[in-house]
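Asks: Here are the chains, one letter per residue:
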Amino acid sequence: MSGLPALFYKEMLRFWKVVVQTVVAPVVTALLYLLIFSHVLEEHVEVYPGVSYTSFLVPGLVMMSMLQNAFSNSSSSLIQSKMQGNIVFVLLPPLSYLEFFLAYLGAAVIRGLVVGLGVWAVTLWFAPWQMPHLGWLLAYALLACAVMGAVGIVAGIWAEKYDQLAAFQNFLILPLTFLSGVFYSIHSLPPFWQAISHVNPVFYLIDGFRYAFVGQSDTDPWLGLLVAGACFVAISALTLVLLRRGYKLRH
Amino acid sequence: MSLDAPAIRVGDLRKRFRTTQALDGVSLDIQAGEFFGLLGPNGAGKTTLISILAGLTRADSGHAAIMGHDVVRDYRQARRALGVVPQELVYDPFFNVRETLRIQSGYFGLRHNDGWIDEIMHHLDLTPHADKNTQSLSGGMKRRLLVAQALVHKPPVIVLDEPTAGVDVDLRRSLWEFISRLNREGHTILLTTHYLEEAEALCGRIAMLKSGRIVACDTTRNLLQHTNEHCAQLRLDAEVVPVAWQGRLQRDADGGWRVNFGDYGELESLLADLRGSGVRVLEMHLQEPDLEDVFTDIMKKP
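Note that the protein sequences, when read in sequence, are chains A and B.
Note that this note's numbering numbers the first sequence so that position 192 is 192, with each residue one more than the last.
Note that this note's numbering numbers the second sequence so that position 70 is 1070, with each residue one more than the last.
Hints are computed from structural coordinates only; laboratory data are not their basis.
These figures come from a predicted structure and were not determined experimentally.
We treat Cβ as the ideally placed atom computed from N, Cα and C, and that holds for glycine.
Check each hint, because a few of them may be wrong.
To be verified - Here are the computed distance ranges between Cβ atoms for each label pair: (1) B:R1016 <-> A:K161: 46 to 56 Å; (2) A:K161 <-> B:T1020: 19 to 29 Å; (3) B:G1062 <-> A:V233: 43 to 53 Å; (4) B:L1089 <-> A:K161: 12 to 22 Å; (5) A:K17 <-> B:G1025: 45 to 55 Å.
What the hints assert, rightly or not - Partial chain B-side listing against chain A, Cβ under 10 Å, derived: (6) F1108; (7) E1229; (8) G1247; (9) R1251.
Turn these sequences into a full structure, and let the hints steer you where they fit.
Replies: Rendered as structure tokens:
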């Protein structure tokens, strides 16, 4: 029998044992964003006609939380195992690089979805209920978590110290998620920044995910799906090549 | 798996890390059922060799196989046949002892392994600690857990990389009793250690590594005969010794005499000569050569 289920289970158990830190905390953070931004901007900003600012903000926050937590799960698990040295426990057994990838990716996706669900649940009290389009919602949520889970694996393998991972997170992941239209529509940006946003894949993830909720978006959701899918394929291919070579894991 | 394949076979293994040649053409066969010792100073290549067997490190050239399974090509079978106790005292602070062992079993595809897990925990005195978080275990307990983890999949070949470094005397003894038992039950054991008396007491065969090369590989008994140097310390009632022995008998710092000899016949003739010249032996101590002498001897050679 394959060792994949055990590695997946271990990764799930790991984040579930510190659920306050891995799920509750990000939900509370997102809630704070919602309270502050919607309080300040609700009266002043209407991004799409007929859509309140809070209704606009909620999908963005849900998506942002999913992205950050999917990334966090795989990257921090790997860097911790490497720093502790207990990464040998998964390197010694007969696990293939593909099983390794799928287990870490699977747990990252689940963590992202659990946090996203949590954020959505608590924000329901603050925004008017609207039935989202489930197909788009699921497609974008899964793709987003998968893309970031895979990026997290690459970051976790590449980083040799905690501060290198923190740099990855602060200088790449955070700007990409913040500068992607979580809090605003990119159409309100000057042309230069609009153009920049269009090469940020995270923009498509948030835009398409929001489409599932409000039925309006800055770009065609099919285009977004294509971009996100291409990103996932590219990142996964890179991750698999690194894992297969044993990059920074097997010397 | 071919039945007559050696437990471990390593052929012309080479590995270079930037400026150091960690392994410089190592070939070695360890037969099933052996208790084999790998000795050498720090940096000799012991851990590199073990890492290549375990798939943690990739050799630049040469080949390595466990029970006939190539560690790269047939890595799944090779790793199933191998249990490794790493040198560093590593643990995963998220889990308790039982969870750690269940998860480790799972990695080898074993789902319902609790019977065997209970048995290893029992033998390693881990049962009272089964529900303790690994972080709260003492160093000795963490070491036992590492041994338990290496055994969850009942590997025929067990590699221990300096398992008794920094371990107290009691634990060391009980660990060796356990490992010796595994060996008697048919497991092949490969051990690296800094405690030479340990290797001498346990290992049937020993290889010595130096700068990435094997400089000696023989049965422990043959290695011990290698120096051929026994030593006798004598206290005599005279200040002058027979002429024939004047070069051989050396004065000790404490006023006694010391002589090195190859076989006991020499000692007999010394005693006869002493008696013949009326010198009485007041005290005599014999020193057998130990592995440390052999080791120092071999390592000194250029």
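Asks: Hints the structure violates: just list their numbers, smallest first.
Replies: Checked against the structure, the hints that fail are numbers 1, 3, 7, 8, 9, while the rest are satisfied.
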